[in-house]
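Student: Assemble the complex: chain F is given as a structure, and chain W must be docked to it using the hints.
So the protein lines, in turn, are chains F and W. Letter by letter, the first sequence follows residues 1 to 525 in this note's numbering. Letter by letter, the second sequence follows residues 1 to 525 in this note's numbering.
Quick caveat, the hints were computed from the structure, so don't treat them as lab data. The beta carbon of each residue, even a glycine, is placed where N, CA and C say it ideally should be. Don't take every hint at face value.
Sample of chain W residues lacking proximity to chain F, with all beta carbon distances greater than 12 angstroms (derived) [stated by the list, open to error]:
#1 211
#2 244
#3 284
#4 318
#5 321
#6 343
#7 350
#8 355
#9 377
#10 382
#11 516
In the DSSO-like style, the derived pairs of lysine-lysine whose C-alpha atoms are separated by at most 27 angstroms in a straight line are [unchecked claim]:
#12 W/514 to F/522
#13 W/522 to F/522
#14 F/514 to W/436
#15 F/514 to W/522
#16 F/436 to W/514
#17 W/514 to F/514
2 protein chains.
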Amino acid sequence: MQPKGQQLIGLDAFFAAGAPIHAVNPASGEQLEPAYASGGFAEVNRACELAESASVAFRTSSLQQRATFLETIADQIEAIGDELIQRGMLESGLPRARLEGERGRTCGQLRLFASVVRAGEWLDVRIDPALPERQPLPRVDLRQQHIALGPVVVFGASNFPLAFSVAGGDTASALAAGCPVIVKAHSAHPGTSELVGRAVQAAIKECQMPEGVFSLLFGSGFEVGQALVSDPRVKAVGFTGSRSGGMALMATAQTRLQPIPVYAEMSSINPVFLLPEALQSRTQALAEGFIGSLSMGAGQFCTSPGLVIAIRSSALDTFVAATSKVISGIATQTMLTPGIHSAYEQGVKALSDNVGVRSLGNGDASDAPNQCQATLFTTSAEVFLNDDRLQDEVFGACSLLIECDDMAQVKSVAEKLEGQLTATIQMEEGDIEQAKLLLPALEERAGRVLVNGWPTGVEVCHAMVHGGPFPATSDSRTTSVGSAAIYRFLRPVCYQNMPQALLPEVLRDGNPLKVSQLMDGKRVV
Amino acid sequence: MQPKGQQLIGLDAFFAAGAPIHAVNPASGEQLEPAYASGGFAEVNRACELAESASVAFRTSSLQQRATFLETIADQIEAIGDELIQRGMLESGLPRARLEGERGRTCGQLRLFASVVRAGEWLDVRIDPALPERQPLPRVDLRQQHIALGPVVVFGASNFPLAFSVAGGDTASALAAGCPVIVKAHSAHPGTSELVGRAVQAAIKECQMPEGVFSLLFGSGFEVGQALVSDPRVKAVGFTGSRSGGMALMATAQTRLQPIPVYAEMSSINPVFLLPEALQSRTQALAEGFIGSLSMGAGQFCTSPGLVIAIRSSALDTFVAATSKVISGIATQTMLTPGIHSAYEQGVKALSDNVGVRSLGNGDASDAPNQCQATLFTTSAEVFLNDDRLQDEVFGACSLLIECDDMAQVKSVAEKLEGQLTATIQMEEGDIEQAKLLLPALEERAGRVLVNGWPTGVEVCHAMVHGGPFPATSDSRTTSVGSAAIYRFLRPVCYQNMPQALLPEVLRDGNPLKVSQLMDGKRVV
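Isolated chain F (complex conformation) (with noise of 0.2 angstroms):
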């Protein structure tokens, strides 16, 4: 199946009538076909109004329906073919295996889901019973669970064609949660978008889910993304982007009559850390290792290693030459997009012309179109503390590393950092005093400490944590991959004294969903 250029709206596909976009080829700067007239008013009006209908069925549905639905979204979008991975390379410049990597992760996230809804740990079911003897009031009986929160608006990111995309990480936890869920497709991959779109189309179908459970709106993100975050009728917003569009969409969220949750995951340059004995004792290791970590897929990827901070020594200068040497050898990769292109160039002449930042090297260039050099610089400690503009993501394979004069002033870096979704701590045995003085200001500005690995790779699993303070997440308080997921799109309800009749079925008595439950604070599973 090829795209044709529709607006999919709950079971319906038909052209808008707003001004054509065009995915273009980054490879070769070419205009793809179709083109797709982009929705307006009309278009986010019907979508609001079918997911708004949609909702109480879809959030009432059995655990057992809603993981078969996302096990069917999982095996239409592998039914595509490779007509979705062709299509996809075409519209991103992605080289087929990460295509068909992401493929792989977009449908094992979608399984994820649906063993995390049957399981049911995400309801948070509390009964504390009656006490009517209790003195000097009795106690009625109460019960909670969590309930969806109802429409969500999701959309789809530039770098992840796939699992942070149509039916990427936010959808699926989100229709786990039981929210319709109204996609903005990225206008980067319309072609891709449509193609899943349609999956998951076939899929409501196949599974019989009311219809209003799922769009796809093709438009500018001013506005019909606009448009959707405001409509009275949609109750959260999944975001993964740029710092200046998740707070304009946060913005909106909260000028609402009814503000509402954004989960925008933003900008984050993921410090690593090399400690002395580690840097004494892996130095060419971790040379290569970084700049594998931060070459990969151009670094366009929330999570690429964009700052690295270590002690000089002569461990350091030794570092600091292999890797010039490691880079020099990269060669350069298409990026997702010109736009992305030019802001990255953008990004790396602001630090060649930052005084107080050099250049350690670079790997190859090219004069193809929209080609990512990778690209190293340093600077000291003092100038990094004393100019914010160093802690700027620029998103692609650029990095800065950071000089300190001793461990005190590696501190004070971790402390000066902005809200990160990772940190990094590269050691050994003996830097482990370092490495307990680092980590209580790590644990505070990112969602995810790792160590002796690289950033890039997040695993879908339930400790998972894609997240962390302002500006990495508008939300430091939760986390857009892995099973937690789920949890953002949530509300607790409070059931008191209701007959068994009325109760949600999971909250009847004799547990006969066979949940974990917290009976008056005791857990039992």
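Tutor: Leaving out everything else, chain W in the frame of chain F:
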């Protein structure tokens, strides 16, 4: 011990230099001594500095230490003795029995949170062990816990001088989470606040907690309150009060360089639905129960039943006649402050002046200062559905009965409601279908749905939700009462491939703290 009029910052107590604040005895209108000279920037700065400096030590204190600290606060509050009750009566106009009950609730709440801290459920421990043999890629060891957000600012509420004030639910849950707390005392009960604040100071000394764990500031909401919420060292805010006050804090928190969560519990009219068979079979009991709930504490509860909805019938006529009769016997009660009293009179006048609304009766009147005269109004569903002002909370013993033509209109009223703390259904077995029809709309609009009870009286337990969609609160995903209130002050952190010696104790192998865990997604108690 008598209150002295001093600011309490860390373990210090001193007189500030700003404009004096005097409490007023609302029963007599007389000013009470001592004066509280307002704090200003210096006090805010000092309290934030101390709180930040205590932050790591406090959040990494052992579960046992923190639990004992909470219990010691309760002991120290009880040790104040009757002076606390007497001062509370003087400043609030509330009767002795109510304040004694509230003290019991406050201390019980602190002890509940001590048990919650020890049990460790709130840490949400998740462990995904390494899978070195996994194909195509191995999995690295990933572990998650929740950590404290950092310093929290709590605004004391006027209507619970103990249970929602200096050492009330917000403070107890924030301390339990491991967050230092800075309380901005409510100016209506500064003496009560100071006494409780000194009890907390005594507990800090006794338990050798870091000094900055607690401060208590007196001053204007605008100056001191906004300065606290703006301070970059503050990481979250707890507030119970008016809609305008809560929204001002939300706006301030959102415009900070680093936005922070504000948990504001604001406004709710707590609809009560009288279904036909219940109304028919329990007419007199419902009238008495309703007026009892409405007039309790002069209606000065967030959960006071400000709206009653029923279908026109002869049973409703009987109910109306009975409520008119019952309310006519209700004596006036002293309201908490002159400001609350005048806002109540204005709210009642707005309803009296509304041509679509008519009176159903009043309680006693009185010429004494700040007396609340209970008041009941009625209107039709048509009028209600077309006049949003009728959803404005009138804080005090005032309620509005909505007469509906049929069940469809009752449902329309339910679907028109803003977010609420509670929604109540009065029903008999024959009403079950109507209750099922209403439940989805009520779940979506209220934090707690009750059957055959009255919304006043909030149990402090594990299943309680004292929360709800905006404007009931600023964040429907949370509760401010009950053990789940602790989650407001936590965020998840993931530890990847971290050596045992560096891991937080609770995440180490062998579950040394015996805390419930999610191991590879499976619950292990």
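Student: Quick one: which hint numbers does this structure break? Sort them smallest to largest.
Tutor: Of the numbered hints given earlier, the structure breaks just one, which is hint 11.
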